[in-house]
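Same order as they appear, the protein sequences are chains X and G. Sequential numbering of the first sequence, starting at 1, is according to the numbering used here. Sequential numbering of the second sequence, starting at 196, is according to the numbering used here.
Incorrect hints may have been included.
Straight-line C-alpha distance at most 30 Å; calculated DSSO-like pairs for lysine-lysine [what the hints assert, rightly or not]: (1) Lys194/X <-> Lys211/G; (2) Lys211/G <-> Lys143/X; (3) Lys26/X <-> Lys13/X; (4) Lys134/X <-> Lys26/X; (5) Lys13/X <-> Lys92/X.
Have a look at the derived ranges for each label pair, beta carbon to beta carbon [stated by the list, open to error]: (6) Ala130/X <-> Pro280/G: 20 to 28 Å; (7) Lys26/X <-> Pro280/G: 23 to 31 Å; (8) Asp16/X <-> Val237/G: 51 to 59 Å; (9) Glu122/X <-> Asp269/G: 30 to 38 Å; (10) Leu234/G <-> Arg86/X: 41 to 49 Å.
Only some residues are given here: those of chain G computed to face chain X with a beta carbon under 7 Å [said to hold, decoys possible]: (11) Leu217; (12) Glu247; (13) Arg251; (14) Leu252; (15) Gly254; (16) Val255; (17) Ala259; (18) Pro260; (19) Ala261; (20) Leu272; (21) Arg275; (22) Ile276.
In short, the hints are calculated from the structure, not lab data. As the structure is a computational prediction, the values presented were derived from the model and not from experiment. Ideal Cβ placement from N, Cα and C applies to all residues, glycine included.
Chain by chain, the residues:
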Amino acid sequence: MARSDVQLMLGVKAGDDASFELLLEKYRTPLVHFLFRMVRDAATAEDLAQEVFLRVYRARKKYAPSAKFTTWLFRIATNLALNAIRDSRNEKMGVSIDEGANGGDAEQPRMDVADKRPGMVERMMERDRAAVIKRAIQALPEKQRAAVLLHKYHDLDYDEIASILHCSESALKSLLFRAYETLRVELAPLVATKD
Amino acid sequence: MRKEEGRKKGNMNCEKFEARLLAYMDGRATEAERGEVELHLVACAECRARVEEFRRLWGVLDEAPAHEVSPAFDARLRARIAAEPRPTLLGWLLPQPRLALAMSLLLAMGAWISMIPPAQNPNEVARSEEEFRMIKDLQVLEDLDVLANFEALSEVPPAKQTEQRKM
Numbered sequence: 001m002a003r004s005d006v007q008l009m010l011g012v013k014a015g016d017d018a019s020f021e022l023l024l025e026k027y028r029t030p031l032v033h034f035l036f037r038m039v040r041d042a043a044t045a046e047d048l049a050q051e052v053f054l055r056v057y058r059a060r061k062k063y064a065p066s067a068k069f070t071t072w073l074f075r076i077a078t079n080l081a082l083n084a085i086r087d088s089r090n091e092k093m094g095v096s097i098d099e100g101a102n103g104g105d106a107e108q109p110r111m112d113v114a115d116k117r118p119g120m121v122e123r124m125m126e127r128d129r130a131a132v133i134k135r136a137i138q139a140l141p142e143k144q145r146a147a148v149l150l151h152k153y154h155d156l157d158y159d160e161i162a163s164i165l166h167c168s169e170s171a172l173k174s175l176l177f178r179a180y181e182t183l184r185v186e187l188a189p190l191v192a193t194k195d
Numbered sequence: 196m197r198k199e200e201g202r203k204k205g206n207m208n209c210e211k212f213e214a215r216l217l218a219y220m221d222g223r224a225t226e227a228e229r230g231e232v233e234l235h236l237v238a239c240a241e242c243r244a245r246v247e248e249f250r251r252l253w254g255v256l257d258e259a260p261a262h263e264v265s266p267a268f269d270a271r272l273r274a275r276i277a278a279e280p281r282p283t284l285l286g287w288l289l290p291q292p293r294l295a296l297a298m299s300l301l302l303a304m305g306a307w308i309s310m311i312p313p314a315q316n317p318n319e320v321a322r323s324e325e326e327f328r329m330i331k332d333l334q335v336l337e338d339l340d341v342l343a344n345f346e347a348l349s350e351v352p353p354a355k356q357t358e359q360r361k362m
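Modelling step: build the complete structure from the supplied sequences, incorporating the hints.
Pasting the structure below:
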């Protein structure tokens with residue numbers, strides 16, 4: 001029978017490295033995905049995910065199963081992501097506003113119409129579509145973005161997300177509704193053609 | 196602003212429906228809430244269209260790109276964990292640096308206090324001197340009977356006898 005996250009964490013607390021490996025195996029990908037969608041940069045997302053696991057490891061001796069493991073894990077990840085976004089914003093304050101006009105946005109998809117290889121156009125359209133969705137999510141205010149990611153992609157309960165974002169459940173539902181409404185408007189052309 | 200807000204259709208108005216929409220969509224609504232929403236949907240075409248729109252939006256969001264974790268992730272993490280400071284025996288015994296400092300100060304204070312000679316009370320000094328004299332004269336007191344019946348002493352002149360006893 002598979003051990004629960006709390007049982008695994010109690011194993012880590014008792015010095016069982018195999019339990020830590022199992023938690024790493026289970027949450028490595030979800031954490032990197034969440035952080036990548038939060039901070040927009042793959043390298044930063046991996047660094048932050050490593051920091052999350054490192055903090056879990058450092059806190060092992062003091063671990064007490066007072067809340068769900070995922071709540072604790074994603075709270076650490078959310079706090080790290082929000083701090084990283086804040087730091088990055090401060091760093092960019094001195095950057096020239098002309099940079100964007102000169103191809104500064106590396107995420108902007110570019111259509112190369114000269115490429116006529118079979119399937120290439122479809123792949124580029126797919127990539128273009130994915131980039132549009134990514135940009136719409138990343139354009140959300142940070143708290144709304146975190147709420148949508150935790151709700152839509154990580155299936156956390158309302159009380160867990162509310163606890164992570166330090167708000168009430170009703171405030172969270174309102175936050176989520178506003179976020180989905182924004183996405184519905186921003187992605188209207190894609191939504192209209194989705195079967 | 197939607198036109199139908201505030202107008203009741205079926206068992207609830209569209210505003211109340213909005214509050215229930217997310218829980219209905221993600222399957223977290225209770226059986227009773229689901230029933231209420233579905234009853235409203237039968238009566239409200241606009242909200243039916245909205246549910247369909249949200250369903251399609253969620254399908255679109257499933258296409259959001261994700262970053263694949265690099266193969267070196269675990270190795271880098273293990274290296275960082277290996278570089279973490281290991282707990283020492285002293286660290287285990289004294290987990291808090293402040294506790295360690297407090298214990299050291301306590302020990303030093305104890306050692307200092309034990310080196311101070313105890314204070315001497317004048318009454319105690321007088322009593323100990325008296326005890327010392329009694330112990331010193333103990334032999335004489337024990338031989339009191341012998342001295343009292345010692346005939347030779349009767350021949351000694353009284354002044355001299357007193358003087359001798361003083362010695």
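These are the hints, each one checked on the structure:
no.	hint	in the structure
1	Lys194/X <-> Lys211/G	27 Å, holds
2	Lys211/G <-> Lys143/X	24 Å, holds
3	Lys26/X <-> Lys13/X	18 Å, holds
4	Lys134/X <-> Lys26/X	24 Å, holds
5	Lys13/X <-> Lys92/X	40 Å, violated
6	Ala130/X <-> Pro280/G: 20 to 28 Å	43 Å, violated
7	Lys26/X <-> Pro280/G: 23 to 31 Å	27 Å, holds
8	Asp16/X <-> Val237/G: 51 to 59 Å	55 Å, holds
9	Glu122/X <-> Asp269/G: 30 to 38 Å	34 Å, holds
10	Leu234/G <-> Arg86/X: 41 to 49 Å	46 Å, holds
11	Leu217	6 Å, holds
12	Glu247	10 Å, violated
13	Arg251	4 Å, holds
14	Leu252	5 Å, holds
15	Gly254	5 Å, holds
16	Val255	5 Å, holds
17	Ala259	5 Å, holds
18	Pro260	4 Å, holds
19	Ala261	5 Å, holds
20	Leu272	5 Å, holds
21	Arg275	6 Å, holds
22	Ile276	6 Å, holds
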